[in-house]
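Asker: The whole structure should be built from the sequences, with the hints applied where relevant.
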Amino acid sequence: MKNIFGLLISLLLGVFIILALDSSVSFPEFGSAVISDRVSDNYLDEDNIEDVGSANIVTAIVVGYRGFDTLGEVTVLFVSALGVALVLGSSKKQARMDLKFKPNFMLRIGSKVLFGIILMTSIYIIFHGHLTPGGGFPGGAIIASAILLMYLADDKFRSNVKGFKILEGVAGSLFVVIGLLGLVVASYFLQNFLPVGTVGNLLSAGIIPIIYVLIGLKVGSEISGIVDNFLTEEESL
Amino acid sequence: MIQYAAIILFVFGLYGLFTNKNVIKMIVSLNIMELGLNIFIISIGFVYDGIAPIITSTSGSGLLYVDPLPQALVLTAIVIGVGTTALALAVAKSIHNKYNTLDLGELEDIL
Amino acid sequence: MTAYDIISLIIGVLLLVIAFLAINSKKLIRSVIYLSALSMLAVVSFVLLKAPDVAITEAVIGSGLVTALFVFTLLAIKRRETR
Chain Y
7 MKNIFGLLIS LLLGVFIILA LDSSVSFPEF GSAVISDRVS DNYLDEDNIE DVGSANIVTA
67 IVVGYRGFDT LGEVTVLFVS ALGVALVLGS SKKQARMDLK FKPNFMLRIG SKVLFGIILM
127 TSIYIIFHGH LTPGGGFPGG AIIASAILLM YLADDKFRSN VKGFKILEGV AGSLFVVIGL
187 LGLVVASYFL QNFLPVGTVG NLLSAGIIPI IYVLIGLKVG SEISGIVDNF LTEEESL
Chain U
6 MIQYAAIILF VFGLYGLFTN KNVIKMIVSL NIMELGLNIF IISIGFVYDG IAPIITSTSG
66 SGLLYVDPLP QALVLTAIVI GVGTTALALA VAKSIHNKYN TLDLGELEDI L
Chain L
441 MTAYDIISLI IGVLLLVIAF LAINSKKLIR SVIYLSALSM LAVVSFVLLK APDVAITEAV
501 IGSGLVTALF VFTLLAIKRR ETR
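Chains as they are written, first to last, in my numbering: chain Y, 7 to 243; chain U, 6 to 116; chain L, 441 to 523.
Source of the hints: derived by calculation from the structure; they are not laboratory data.
Some hints here could point you the wrong way.
Unchecked claim - Straight-line Cα separation of at most 25 Å, BS3-like style, residue types lysine-lysine; simulated pairs: (1) U:Lys103 <-> Y:Lys98; (2) Y:Lys118 <-> Y:Lys168; (3) L:Lys490 <-> Y:Lys106; (4) Y:Lys162 <-> Y:Lys118; (5) U:Lys26 <-> L:Lys467; (6) U:Lys103 <-> U:Lys26; (7) L:Lys490 <-> U:Lys26.
Answerer: Here is the structure:
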């Protein structure tokens with residue numbers, strides 16, 4: 007009885023939201039948004055696109071125009087990985103969680119081949135972030151998926167957690183150092199100070215590919231650390 | 006049509022957060038709420054007959070693009086959702102280690 | 441009704457049905473599998489709304505990483521209860 011009452015109250019809230027948005031003057035209908043009244047008109051202008059130099063406009067917004075928000079988001083991910091390590095880690099030596107199946111020979115060798123192919127895909131997606139859809143965030147998540155595959159296919163695999171933590175710290179600090187270099191050389195934090203080139207080449211768009219590589223490495227090593235913390239258990243018990 | 010479905014999906018997630026007593030199902034309802042909200046934010050910037058905001062070699066001038074700003078904001082929101090889910094699951098696992106139950110009613114009596 | 445409208449109507453109805461099943465199921469593992477299917481339908485609707493960056497990110501994160509974290513937690517809980 008309490009369930010049906012809760013369902014009715016929630017659906018009433020949904021109907022209120024829909025009615026409020028339908029009768030509002032400034033909320034456009036689905037599919038008929040006028041772009042030339044919005045901020046995005048400046049992002050889609052042809053002279054501005056040649057100034058920034060990136061062919062993927064979403065990349066230009068995430069790293070170029072709104073780069074400071076991306077710095078905040080990288081900080082939030084770092085804090086959550088730190089929280090998981092604090093809650094689930096311990097100072098004693100930990101054993102790998104026993105999944106109670108014995109992988110056979112084909113699985114162990116085949117997964118190593120697949121690991122190489124997945125890593126190559128992730129490097130391609132990270133490096134071409136300013137030309138095709140993708141970028142640093144899905145590329146880093148694909149690196150973490152490759153490490154997850156190695157954990158699942160072999161029951162004695164432990165990745166090098168210390169190396170990942172050092173890599174994550176170095177990548178994050180280099181992001182802030184590049185921003186400070188922009189402050190020193192040009193006049194704003196995270197200003198584009200390398201030459202821009204023509205739209206569509208691999209070596210274009212200034213510091214945008216460099217920042218995406220750093221973000222990809224940082225996200226990949228953080229999520230690998232989270233997966234490793236979930237798959238260990240304490241040895242006392 | 007997708008906008009109505011996204012708002013009702015958000016409301017279903019809220020209903021699941023009210024009426025479930027198991028901690029893992031509350032985390033699943035939180036994820037459903039985040040999915041509905043992301044779909045709604047992207048559907049604000051949609052233009053009929055627009056193309057995806059990437060410049061190719063066959064595009065001249067005067068083409069109609071889809072709004073790229075909501076997509077940049079949702080890209081950040083998805084990654085933050087992963088961080089939140091990972092921390093919530095770590096706390097749930099640690100609760101089960103210590104008190105041996107995952108039911109909210111029993112936890113209210115113990116704590 | 442163009443083909444685009446019919447497909448978006450079908451995807452919208454499927455989203456709502458699978459979300460309702462995920463919230464009201466008795467076993468925990470079924471909720472997690474329904475969440476993974478819901479994430480896949482969200483990727484399809486991102487492609488319909490012409491957002492390729494967001495679709496790639498949600499596909500990698502929703503199918504691989506979040507489902508794996510849920511399954512590892514459920515495995516540890518079951519291991520501890522049958523000890």
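Asker: Is the hinted pair Lys103 of chain U and Lys98 of chain Y satisfied, with a Cα-Cα distance of at most 25 Å?
Answerer: 18 Å, holds
Asker: Lys118 of chain Y and Lys168 of chain Y were given as a pair; does the straight-line alpha-carbon distance stay at or below 25 Å?
Answerer: Holds, at roughly 22 Å.
Asker: For the pair supplied as a hint, Lys490 of chain L and Lys106 of chain Y, confirm whether the alpha-carbon distance does not exceed 25 Å.
Answerer: With Cα atoms ~44 Å apart, Lys490 of chain L and Lys106 of chain Y exceed 25 Å; violated.
Asker: With a cut-off of 25 Å on the C-alpha distance, tell me whether Lys490 of chain L and Lys26 of chain U pass.
Answerer: 38 Å, violated
Asker: Take a quick look at whether Lys162 of chain Y and Lys118 of chain Y sit within 25 Å of each other, Cα to Cα.
Answerer: 14 Å, holds
Asker: Is Lys26 of chain U within 25 Å of Lys467 of chain L, Cα to Cα?
Answerer: 13 Å, holds
Asker: Does Lys103 of chain U pair with Lys26 of chain U here, judged by a C-alpha cut-off of 25 Å?
Answerer: 18 Å, holds
In this structure, the hints that do not hold are numbers 3 and 7, in rising order.
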